[in-house]
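Go ahead and model the full structure; you've got the sequences and the hints to work with.
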Amino acid sequence: MTDFIKTSASRSLENAVQEHFIPAEAPWSGIVRKGQTIRIEDSYGQQAIDTLFYRADDFAERYSNQDTMRAQGGAYIGTGTKIISNEGNVMLVMTADSCGRHDTSAGACSCESNTVRFGHGTKYLHACRDNFVIEVTKHGMSKRDIVPNINFFMNVPIKPNGEMTIVDGISAPGDYVELVAEMDVLCVVSNCPQINNPCNGFDPTPIRVLIWDGED
Amino acid sequence: MMHVRRSPEEIAANRQRYEEHQKKGLEFAPKALPAPSPLPAPAIDAAAIIHQETIPGGWYWSTALKRGEALRIDQGEGGSTVALVAWNAADTSERLNLVDTVKVQWTTALGKGRVIFSDMGRVMFSLIEDSSGAHDCLMGGSTAASNAAKYPGVKSRNTRDNLVLVAGKLGLTRRDIPAILNLFAPVRVDDDGGFHWRGKLSNSGDYAELRAEMDMIVGFSNCPHPLDPDPVYAPKPVIVTRFRAPAPAIDDLSRTATAEALRGFENNASMLA
Ligand SMILES: [Zn+2]
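Residue numbers (full-length UniProt numbering), protein chains in the order written: chain Z, 1 to 216; chain W, 1 to 273.
Possibly wrong hints are sitting among the right ones.
Listed next, the in silico DSSO-like pairs over lysine-lysine satisfying Cα-Cα at most 30 angstroms (straight line) [unchecked claim]:
no., chain 1, residue 1, chain 2, residue 2
1, Z, 82, Z, 123
2, Z, 159, W, 66
3, W, 31, Z, 143
4, Z, 159, W, 31
5, W, 24, Z, 123
6, Z, 159, W, 169
7, Z, 123, W, 150
8, Z, 159, W, 24
9, W, 169, W, 66
10, Z, 143, Z, 34
11, Z, 159, Z, 82
12, Z, 34, Z, 82
13, Z, 82, W, 24
14, Z, 123, Z, 143
In case anyone wonders, no lab produced these hints; they're calculated from the structure.
Here you go:
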């Protein structure tokens, strides 16, 4: 892991209101209040962090990858990207990004899609969708609430001819994204356990989540 | 914090296996697929037709669809994009999953011979005919806000509200609306990820046929795509024909063209067993 990186004079490790270490392969969820900033840190580098957002007081409003891509006219997520809900509302805005490439086209790994992608022998490997099911169930939701997610630090270039493939991540140890919440949101994270493609460098590693209060 | 890294040998073995899958997916599969279906579309045998629906411009429709039946979606006059969603009839929590569809087939370019997956690793549709080769898995449909921005002052229907209506009339809710497939939408992605409308690759008088590989409920919205360059809101009617498709032969294209589809159909078979 690397040293703490300051993105704002007011933001230090000491004045974070929440700090969570998420082991390799594990899920996490928590509320980010309007005005708060969440930092998701790829502590060891080359680690896909599958993430979903739900409006905290109405889970039927949730992250929409298609609305997010449509609203910004492009496929990748980076600084300035507005995270858009299925109701067309801005949920969060990405305010910092030390990596530069994040995916929202390729979805989460699942036991079921692994069988299709890598063979039936990979069915009984822990997967992001299982993390999501475990985590959303704690909040009264179910599989039907799991929608296409953001894959922070996952590198999935799409070519003009449509060709699309997961390639080696470009994130270095300590790379981070920061998002400021525009509404109260439930954030659900799966620290991706995938070992069959390079989204984790074939070696899942721990991550860290930090939350700060707003600056006003 | 304690963390044990995987061994270099394990990592190397997995990387090698991934690169073998990737090479086959990127190099073999497209070569195994045919050219787009020729126009005009041949007539469907009248005895095979179960129902025909003309969806007016701006409107929605839904239908049951049994395994082995197919839908021909015909642009008619052209110029329309048809948004499509689908649920497993027996368990609507199983639904169209485009992120898996594009990921496992190594491409966002769907066309004749490709398949469309559910979130459970099973094939929902085989694209048995497709004259356009221009469908959009990424951008989703129009909304009240996107229409208001694009067609100021014009009263217009939009895909988001249409699909809320489809879901609501089926006893489903906003929670059940999956990401949508846009048929007849020539969207291309540039090297920076930017979306562009590539005119006249398609979007005039094209058709596609999707064969159901499980019993489903299918929903449609017929509204202009958000990138449609026509500044006037004037969606044209589309014709959807539900018909009994010929039974797939042992060498059926969609079942044999890619290793991924083969494994997906194995998952379908275990559901039916
Ligand atoms: Zn994963």
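Evaluated hints:
1. Z/82 <-> Z/123: Roughly 35 angstroms between the alpha carbons, so the hint for residue 82 of chain Z and residue 123 of chain Z is violated.
2. Z/159 <-> W/66: Cα-Cα ~35 angstroms, so violated.
3. W/31 <-> Z/143: violated (36 angstroms)
4. Z/159 <-> W/31: holds (17 angstroms)
5. W/24 <-> Z/123: holds (21 angstroms)
6. Z/159 <-> W/169: Distance ~39 angstroms between residue 159 of chain Z and residue 169 of chain W Cα, so the pair is violated.
7. Z/123 <-> W/150: Not satisfied, since the Cα-Cα distance of roughly 45 angstroms exceeds 30 angstroms.
8. Z/159 <-> W/24: Holds, at about 17 angstroms.
9. W/169 <-> W/66: holds (19 angstroms)
10. Z/143 <-> Z/34: The hint holds at about 26 angstroms.
11. Z/159 <-> Z/82: holds (23 angstroms)
12. Z/34 <-> Z/82: Holds - the C-alpha atoms of residue 82 of chain Z and residue 34 of chain Z are around 14 angstroms apart, at most 30 angstroms.
13. Z/82 <-> W/24: Distance ~36 angstroms between residue 82 of chain Z and residue 24 of chain W Cα, so the pair is violated.
14. Z/123 <-> Z/143: holds (18 angstroms)
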